[in-house]
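S.K.: Both chains are sitting in their own frames, so use the hints and assemble them into the complex.
Line by line, the protein sequences are chains A and B.
Those letters in the first sequence? Residues 1 to 137, per my numbering, in order.
Those letters in the second sequence? Residues 1 to 716, per my numbering, in order.
These are calculated hints, taken from the structure and not from any lab test.
Among the hints, erroneous ones may be present.
As the list claims (entries may be wrong) - Below are the DSBU-like pairs computed for lysine-lysine, each with C-alpha atoms no more than 30 Å apart in a straight line:
#1 A/LYS100 - B/LYS462
#2 A/LYS100 - B/LYS468
#3 B/LYS663 - B/LYS639
#4 B/LYS344 - B/LYS189
#5 B/LYS691 - B/LYS639
#6 B/LYS531 - B/LYS583
Given the structure is predicted, the values throughout are model-derived calculations rather than measurements.
Read off the chains here:
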Amino acid sequence: MHDGTLRRILYVEDDADIRKIVSMSLEMVGDYAVVACGSCADALEVVDDFDPDLLLLDVMMPDVDGPATLRRLRKRESAADVPAVFITAKVQASDIERYKRLGVCDVIVKPFDPMLLSDRIGQIWQDYRSGERVDTG
Amino acid sequence: MEKRERHKFAYGIAGLLILAFFVWTFNLLLSVQSNWAESNDVTAMDKDVHALFDPWRNLNRPGNDVLENYEVAAQKKALGRYLQEYRQARGRLDMHGRSKVDLGDYYRDMDAAAQQAETLANRVLELAEQRESLRLAGADPALISAAETEAATTMARMDQAFQSGLDIIAGMDQVIDQRLLDLESARRKGVGSLYLIVFVALVSSALSLMLLRRTSTQGVALQSGSERLNAIVNNVVDGIVTVDESGNIESLNRTAEEIFGYSSDSMVGHNFRALISPESRALYDTADFSSDSQSAGKVAGFTGIRSDGVHFSMELEGTRISVEGRPIIIHIVRDVTERKRSQKRLQLAATVFENTSEGIMITDRNGRIQSTNPAFTAITGFAADEVLGQNPRILQSGMQSRDFYEAMWQSISDTGHWQGEIVNRRKNGEAYTQWLNINAVKDGSDRVSHYVGVTFDISELKASERMKDEFIATVSHELRTPLTSIHGSLSLLDSGVPAKSPEKSAELIRIAKENSQRLVRLIDDILSIAKIESDTMRFQLRSVNLRELVADAVEANQDYAKQFGVRLLVRSGTEDAHVLADKDRLMQVLANLLSNAVKHSPKGGEISVETRHNEGYWRVTVTDNGVGIPKSFRPEVFKKFAQADASDRRKRGGTGLGLSISKAIIDRLGGRIGFESDPGVRTCFYFDLPKMQQHWGVEAGGERIMTSAGLEAGRE
Chain A
1 MHDGTLRRIL YVEDDADIRK IVSMSLEMVG DYAVVACGSC ADALEVVDDF
51 DPDLLLLDVM MPDVDGPATL RRLRKRESAA DVPAVFITAK VQASDIERYK
101 RLGVCDVIVK PFDPMLLSDR IGQIWQDYRS GERVDTG
Chain B
1 MEKRERHKFA YGIAGLLILA FFVWTFNLLL SVQSNWAESN DVTAMDKDVH
51 ALFDPWRNLN RPGNDVLENY EVAAQKKALG RYLQEYRQAR GRLDMHGRSK
101 VDLGDYYRDM DAAAQQAETL ANRVLELAEQ RESLRLAGAD PALISAAETE
151 AATTMARMDQ AFQSGLDIIA GMDQVIDQRL LDLESARRKG VGSLYLIVFV
201 ALVSSALSLM LLRRTSTQGV ALQSGSERLN AIVNNVVDGI VTVDESGNIE
251 SLNRTAEEIF GYSSDSMVGH NFRALISPES RALYDTADFS SDSQSAGKVA
301 GFTGIRSDGV HFSMELEGTR ISVEGRPIII HIVRDVTERK RSQKRLQLAA
351 TVFENTSEGI MITDRNGRIQ STNPAFTAIT GFAADEVLGQ NPRILQSGMQ
401 SRDFYEAMWQ SISDTGHWQG EIVNRRKNGE AYTQWLNINA VKDGSDRVSH
451 YVGVTFDISE LKASERMKDE FIATVSHELR TPLTSIHGSL SLLDSGVPAK
501 SPEKSAELIR IAKENSQRLV RLIDDILSIA KIESDTMRFQ LRSVNLRELV
551 ADAVEANQDY AKQFGVRLLV RSGTEDAHVL ADKDRLMQVL ANLLSNAVKH
601 SPKGGEISVE TRHNEGYWRV TVTDNGVGIP KSFRPEVFKK FAQADASDRR
651 KRGGTGLGLS ISKAIIDRLG GRIGFESDPG VRTCFYFDLP KMQQHWGVEA
701 GGERIMTSAG LEAGRE
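Isolated chain B, as found in the complex (with noise of 0.2 Å):
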């Protein structure tokens, strides 16, 4: 009697908790389906908003269009046409009520806005008109000058207030998107709320499940809750699994069951902690599951045991209550394995992001920049911050047309992609070539939601195109010019027309046979370029007395300079100047510095070669006494085909190269060349080379060979 008395009384209450719980449940139910509404509502204004772009943007063309082509009528017309499509859109945007969006401000200033562009496109077009009748009637220049200038004066107004128009339609964007966000923050609490619902629907069903068994009452009525109550345990997506105070399975359900691949009957009675990885069992001794907080006990960082032995990341929740005054443990067992690796590949897609050498730009999907790369900055010079919420016109460089850039545009909505090269300009001001990538990108309703721009660097890259483009045109100019002769002398001989004056017959040949010779030093010297260039030059690097080299390299020279009437002299002293280098090479350096001085010399010049100390190095000049190198012509004294004079290049039979092949050669020998010079007295070209050191271990005899990329191997 007293039993039951109890019960009626647990049975009031319940009914009470159970009521207040429905109230509370109904009212939730009916806050998320008026958020479902209104998110329907502002999605439609949201692509009504967006839909307000392009009409927009097309009020500015007609006076832009008109200032280019004077199409005075079909511009009217365009702009009316436009003015009509713009009005259909703003319309739309007049029928969504149900939202708690208030643009009202935003329409107004909307409104002013495209009355003032509205009134200043008539103007240019009225400008555009007045100036064509002018241009007719061949009035004053400054008349039609006037004209123009004000319609370049009120586009540019037009400019601004087209401007300030996109800026607030971007306001209006950001207004409703901050209410999607809002009400999809409330739909997710809403939710959060139901699952809230579901779990204390579960805890308190488990109890009842429990309470029912221990009492024995059971009535056919509540046999059939149990099962009811069992069903939805088994089906929750969370395995649940109960222990008594030592640690004992009392239950499981179905999902519990597949998480540790056990079946509920072996795994009864057996201790929960032989199904934690022993490494994190104290993690699990230590923690703490009281009985009086909701949020208490969730505990991540488990690793949980498979019947298969295999390890997983497990998260771990525990509610102690106690039932019939003996207390018990419920587990709430989730295996997180899947997220933690989803959260490896956002680190890992974030360490990409972070390092790679391309530069990444993510703009929101009014192309606001949201996110830039370190590479990015590199690039641009413009820093993460500073970028923020701009633009990314600001890296225009105004090289491309408009043209480029709606195509590059038609090209993104029609297929989503657009990739290509542009020009644009860096925070410095200077213009580079990139290569560009952009993709748009969706989100799950298929809608774009960002756009992705990736990027490098290829202006170093074009650069280097262009010189090689240039070097090959010089090349193919040069052999031409000798060939030219050669043809040209060889086709006159052959057909007999100077037969007749031996002379000229002899100077026809004498030419061909001067410019053969020339073909053949100039293929032997873009060769040795070329090689140079290509880093395969061999140098065959060993002990050579540059003192030696010198008496050598005048001895050489010395017919030729006689051909010019100059005299070589060595001035070089008694001592030994070891130097490690290729002999050949520095032979090939030294007679290309006697010729130019030979063929510059004065007839009856002298030219001192001389060796001597300069510091750590040996230095070997030759001075001459000859016309000397114009002031103008100094920086390019080392070029590729370079020379002061090209005719003097012909008479004098250089090939333009010589220099700087030697340049080059000394480059690589670790040393410097350079020269001095004041024309008509003296000019000196001199090259130092670093002395021989004990300690480099090269004996007389001895070799290293290099390439001209660098050391290659040490041999004896």
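So that you can see chain A by itself, here it is in the shape it has in the complex (with noise of 0.2 Å):
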């Protein structure tokens, strides 16, 4: 059973310069430890070893997108039960809504502020964990 800290973040992505700054924010503003993949088969090729507790993915990537990535994660058992959350600069009201049903927690869109992203990110984990004590009982 997890200890209830984040730390472990698998982070998908395609350009590499937003990439860098995600990683970059999350590690030197959050803390987080960050293992960021340029395609979905580079994340599968890591997944396991490095145990995440929380998926971050891009939404728009050739070959595997977003939504198909978080399905190949799943079944893997090391990325069955974390929580996802897609990030995107899809930002039309209906595509988000469409995200949102796709089995994850949240959907940040682009631009954001690399200096709030951690906190975003901590608050989406605070809120899972809460929802999950409630649901096991």
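M.R.: So, in structure tokens, the structure goes:
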């Protein structure tokens, strides 16, 4: 059973620059351990060794997009139950509603403030944990 | 003495004639009266047959509903109520006795259908109940599904019974409508005969009047008879003019005075031909007004002249009779201007119906299609005779819910009107979106007689709206992506977080800078696309030597290529290659093809650029030995925001719009653009432009302006 603290974040993003900024922001501001992958294939390679607490996924990616990446990661035991968050530049209300129905806790829109990103992720984690406690009893 | 005998004889004959005339008139009145009574009854019957539609439709509901919600008790109750309502409506039909419409067979069929519908509906409810209790008892799913299947099969039979009931009601309605039509035509005939009576009475009265004048043996009684006759003649709706053999007017009634605008006094003695326009006098002179035929002598196409000089369309009848051995002609005159006008209006309406681009469909009040126009055929693919008598539901796509149609019919029955978007299906099976406007048309007695649907196909409009929305969403996404990097790196730098690490700071500054440049390129390209798509991009056309242009482009991009460790080589001959084009736009295309080739070449790669003949065109090719284009991506190459590998785009700094802009430019210049790719070996992009012709008359220095919509103006 998880001790309740968020430490390891697996992040999948095809844009190299955004990947760097998000990693820096989460590592330097939030003090999280981040593994950033450029594609679904890369993520599948590292997910079991890394054993993430949370998944952070871009939506619009070539070949395998965010929702499909999530589905594939979910098949791995190490990522089967961890909370997931989408981060996307698709900001139309209809898109966001659709993404939320795909089994993620929340959707973060781009551009975001890198100084607040860690807090936001931390809050999502808290909400997820308290929801989970209520669910289990 | 001899004269008196003759009179007696004449009176005797006249008396007999009048008696026969009265008997005939009396019979006629009787038949008109009974026609009227039956019409009332049949109309009431028609109403009752119509009132059968709704209760009958309701009978089909509980079965359908129970399969959706399994509220068996509620649906049983509903069925009971609906059956009650149906029986009441059906009972009313038995109360019509007076008419000659025999619906006995239909009643029998209807009752059988109702019996069957009731049995089937009950069976469906029973099956639904079984299924529910199976479900509650946690029975084997196979059993539940068997009950469901049987219920669905029963419901299908129910639908058949229901449909045949609808057909029977429609059949009854048709019989009744036919009877109503028969009654109507019988009534018209009766009324026509009444007119004839009046006419005969008038003519005989007119004759008598003249006889009386001439014989001058009038008594007081006869005098008053002639006054009555005058009153009648003066109040007839048609103009009556009598003329003598040489065409001089002897008398005219008040209507004729009104038609021609002259008083009786000023006309008597003048020639009747003066009242007819010169053009139709020849027709008058040759018209055969014979004496012995009832119908003879009715001639249309005359133009009359009013006292104020205005010409008008006139119908003229002439009956030649002999009064005391002296022939006279009785003319009946009608001003048909109004009728002509309404004929013209009808013609206009028919022309509009045939030629408008809106599809028009007219149904009777039971929804049977009676008429459609050519635009309807163009939109739906159904020819007029294919849909005649059909219900418009043959057009349904199944993409609207039952609620949608219910709301539609509710609106039509409440307000007589509905309009909105609806997805229908063409004859070839293709679904399309149309704008539809339905109006109920009412007859004189305020009863709906027809429905008119006017429609136009908006599927192309919808598709282009969708494409526009998608484009805007994509542009928003594409602009936000570099902005995320710029905003993110600047915020981190600003916070001082990476201050300890100069490497990280430098990296963040590079990210902000490169993404700013990328944003600028994106905005330029989006503007280019917008200009091209709104046809406002201007082209300054002049003679361009492709050989020189290629050399310039290679020169300009040499430094860029060096950054990637790639060499650009020109392999053109020495021949000039003149085309009519906009130099700057063409440079844009070349720069785009070159930078694409550079970005996709391996380090140390070579890119060759060549200008050569290709029949009536000059072809420029840009060939690289890079990774090439995967087969699956080939159809997408020239589409907006298309890139084989989107991660490449960021690494290589493209916008995903370059090739789509290049294609648009080459298309507008009358050329063609394409590529051949053998991944890993060679990839060749090329464009062809028509060779410059002498007779185009554009010398070096001369130019023409063209917007992307087309050639605008020539100028030296």
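S.K.: Decide, hint by hint, whether the structure agrees.
M.R.: Outcome of the hint check:
Among the hinted pairs, A/LYS100 with B/LYS462 is consistent with the structure: their alpha-carbon atoms are about 27 Å apart, no more than 30 Å. A distance of roughly 25 Å separates the Cα atoms of A/LYS100 and B/LYS468; the hinted pair therefore holds under the 30 Å criterion. At most 30 Å may separate the alpha-carbon atoms for a hinted pair to count; B/LYS663 and B/LYS639 meet this at roughly 9 Å. The straight-line distance between the Cα atoms of B/LYS344 and B/LYS189 is roughly 27 Å, inside the 30 Å bound, and the hint therefore holds.
As the CA atoms of B/LYS691 and B/LYS639 are separated by approximately 27 Å, the hinted pair is consistent with the 30 Å bound. Restraint check for B/LYS531 and B/LYS583: satisfied, since their Cα atoms lie roughly 18 Å apart, inside the 30 Å limit.
Against the hints set out earlier in the document, no violation occurs for any number.
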